[in-house]
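Whenever a hint applies, use it, and build me the whole structure from the sequences.
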Amino acid sequence: MAAVVMSYYCKPSPFLGHFPSYLAKSSSRQVAGTAVQESKISALFWGSKKSVQPKELDVSVSLQDSILTGSGMEVIFDGPTEFGIFFLLVLAANCNLVGFKFRGGLEKQITPKRISLSIISSISEVSSHEWDACNLDATGPDKFNPFLSHGFLSSLEESRSAVKDTGWMPSHIVAKDESDNVLGVVPLYLKSHSYGEFVFDHSWADAYYGFGSRYYPKFQCCVPFTPVTGPRILVRNTPFRDQLFDVLVSALKDLAAKSQVSSLHITFPTEKEWHMLKEKGFLQRIGMQYHWKNRNYKKINHQPLRLDLMLDLICFSCLYMDKILFRISLHCCSFDEFLMDMKQSKRKNIRQERKKPMSVDLSATGSTQCLHHCMMRHASLENLVLVDYSFPFTYDLDSVYSVSTQNLSMKRLRGYEIKARHWDTFYSFYRNTTDNKWGTPYLTRDFFHTMGSKMGDQVLLVVAEEGDELVAGALNIIGGDTLFGRLWGCHPKAYYPSLHFEACYYQAIEAAIELNLNTVEAGAQGEHKIQRGYLPVLTYSCHYLIDEAFRKAIEEFLVRESTQVKLVMKLIHDSGPLKEGLK
3 MAAVVMSYYC KPSPFLGHFP SYLAKSSSRQ VAGTAVQESK ISALFWGSKK
53 SVQPKELDVS VSLQDSILTG SGMEVIFDGP TEFGIFFLLV LAANCNLVGF
103 KFRGGLEKQI TPKRISLSII SSISEVSSHE WDACNLDATG PDKFNPFLSH
153 GFLSSLEESR SAVKDTGWMP SHIVAKDESD NVLGVVPLYL KSHSYGEFVF
203 DHSWADAYYG FGSRYYPKFQ CCVPFTPVTG PRILVRNTPF RDQLFDVLVS
253 ALKDLAAKSQ VSSLHITFPT EKEWHMLKEK GFLQRIGMQY HWKNRNYKKI
303 NHQPLRLDLM LDLICFSCLY MDKILFRISL HCCSFDEFLM DMKQSKRKNI
353 RQERKKPMSV DLSATGSTQC LHHCMMRHAS LENLVLVDYS FPFTYDLDSV
403 YSVSTQNLSM KRLRGYEIKA RHWDTFYSFY RNTTDNKWGT PYLTRDFFHT
453 MGSKMGDQVL LVVAEEGDEL VAGALNIIGG DTLFGRLWGC HPKAYYPSLH
503 FEACYYQAIE AAIELNLNTV EAGAQGEHKI QRGYLPVLTY SCHYLIDEAF
553 RKAIEEFLVR ESTQVKLVMK LIHDSGPLKE GLK
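Using the numbering used here, the first residue of the sequence shown is number 3, and each one after it goes up by one.
Quick caveat, the hints were computed from the structure, so don't treat them as lab data.
Some clues are possibly wrong.
To be verified - Below, simulated DSS-like cross-link-like pairs (lysine-lysine); rule was C-alpha separation at most 25 Å, straight line:
{"no.": "1", "residue 1": "456", "residue 2": "421"}
{"no.": "2", "residue 1": "357", "residue 2": "345"}
{"no.": "3", "residue 1": "300", "residue 2": "348"}
{"no.": "4", "residue 1": "568", "residue 2": "348"}
{"no.": "5", "residue 1": "295", "residue 2": "255"}
{"no.": "6", "residue 1": "145", "residue 2": "300"}
{"no.": "7", "residue 1": "178", "residue 2": "260"}
{"no.": "8", "residue 1": "357", "residue 2": "300"}
{"no.": "9", "residue 1": "554", "residue 2": "282"}
{"no.": "10", "residue 1": "301", "residue 2": "345"}
{"no.": "11", "residue 1": "568", "residue 2": "295"}
{"no.": "12", "residue 1": "439", "residue 2": "495"}
{"no.": "13", "residue 1": "357", "residue 2": "145"}
{"no.": "14", "residue 1": "295", "residue 2": "345"}
{"no.": "15", "residue 1": "255", "residue 2": "274"}
{"no.": "16", "residue 1": "166", "residue 2": "456"}
{"no.": "17", "residue 1": "145", "residue 2": "274"}
{"no.": "18", "residue 1": "260", "residue 2": "295"}
{"no.": "19", "residue 1": "345", "residue 2": "145"}
{"no.": "20", "residue 1": "301", "residue 2": "145"}
{"no.": "21", "residue 1": "255", "residue 2": "568"}
To be verified - Just the calculated beta-carbon pair ranges, DEER-fashion:
{"no.": "22", "residue 1": "569", "residue 2": "338", "range": "29 to 39 Å"}
{"no.": "23", "residue 1": "415", "residue 2": "441", "range": "26 to 36 Å"}
{"no.": "24", "residue 1": "539", "residue 2": "350", "range": "17 to 27 Å"}
{"no.": "25", "residue 1": "274", "residue 2": "415", "range": "29 to 39 Å"}
{"no.": "26", "residue 1": "459", "residue 2": "495", "range": "44 to 54 Å"}
Only a predicted model underlies this, so the values are computations on that prediction, with no experimental measurement involved.
In this text, a Cβ means the ideal position worked out from N, Cα and C, and glycines have one as well.
Below, the structure is given as structure tokens:
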């Protein structure tokens, strides 16, 4: 039922309808001497115009310096100075402390700070240490967002993926104090198209063109090609952070006005930023993604493998070419717990898709964990089949899986385990996906090598192997409390039923449980994720349009669109894949 209703409500034209007739009254919208009549936008998401080369951004356009005086509280402490200092240290760690006074003799007031703002054409103009300090303070270590890191963003620029030639001209804003310390940064791009954003405004561009106006270039505050929620105004944790946030938002709006662009868009900000930006005159928009939530599923701590257990199992097995395999129909105990939260029909479907059971190569090297716990829970006579058997009994339970009916092995690789050959092959998979789906690859081969080198263990690459050949892969990035699924691809001549679901969704769930992460974000769109345990969540974007008439028309559209998005989310939750009471 939900899928049917969703299909109906996602038809584009009922959302946008007609632009109001007042748009045609402006003299600036005269075309060939004739006023443009009321126009109907035929589609919400499609029909984008040809990209135009972004004009050079005049970096001489100055952003006004600001004086920050602090916005926190002032404390007066009546007592010995030494106790007052300790008291202030405690307060400073927990409060937005602006000033303090001691009646015991010591007195100090935080002095105002002069903040200078500048526009940089490359993130390399800021040190990774300073940029990442802003990112870490903005997110906090528990919610660390790897896509906002200097390593990820610089990889996009260095690999020529997000540069002027591809329609993404870096125009980042940097705030510094008098001592040249970086106190805030904003990832910003001057864009000549709307590709790679995942918040669709192609029809807005069509409307501008239809009324004789220009939509591109525009400013985009985001992480290129990455529909991941996170803070967009990255400021250090200082007594002035709220004021600095306001200064940076004002600078963004001033820059848009002085540069004579049509609009400024902040996509996938946090909900908190979304509300704050509304107060600054931005239009609010919502969208929907599908995320998996860890409901306290825990990785099982396996006990050492006992030789008597191994011998007992061998007694129930058959010998074939001196080989024995222990096949466990369920991949891991904690994944079982997740399945038990699903409705029976959905649970059965997942088990059928995963009927390519886990195998353990007993001669393989890896982390010395054991089968004892899993065997005691899941082993049965029909689960015992043939594979290599030798001493010592060491293996990597968490990263080697065999899709035996298709002769495939699944592996999860991290950091140094990912070699250059993996990236080269994965790039060919990525190109196969883009050629079949999008038509234009956003990322270059160098991006994967550079990003993998800079981000190390934050990268998790799921690969499927047939023999010694890689046939498919899924790229994930590990954040503070979230596993982010990003890209998928396979060999152009390969077809393996359900492999996409295994590599992208089920392996990600197992990895999140293993790493004790709260969430798996599996990228944008994809209603097929619902029946596999991924439920809809809201995403946010903010839009600042210079033209008041267009602003009013788009604002009316966004109100109608938000109503439909919320209705679809309710329908999905009401008929979702989880048991009653688990929403």
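Need the list of violated hint numbers for this structure, in ascending order. 5, 13, 18, 19, 21, 26
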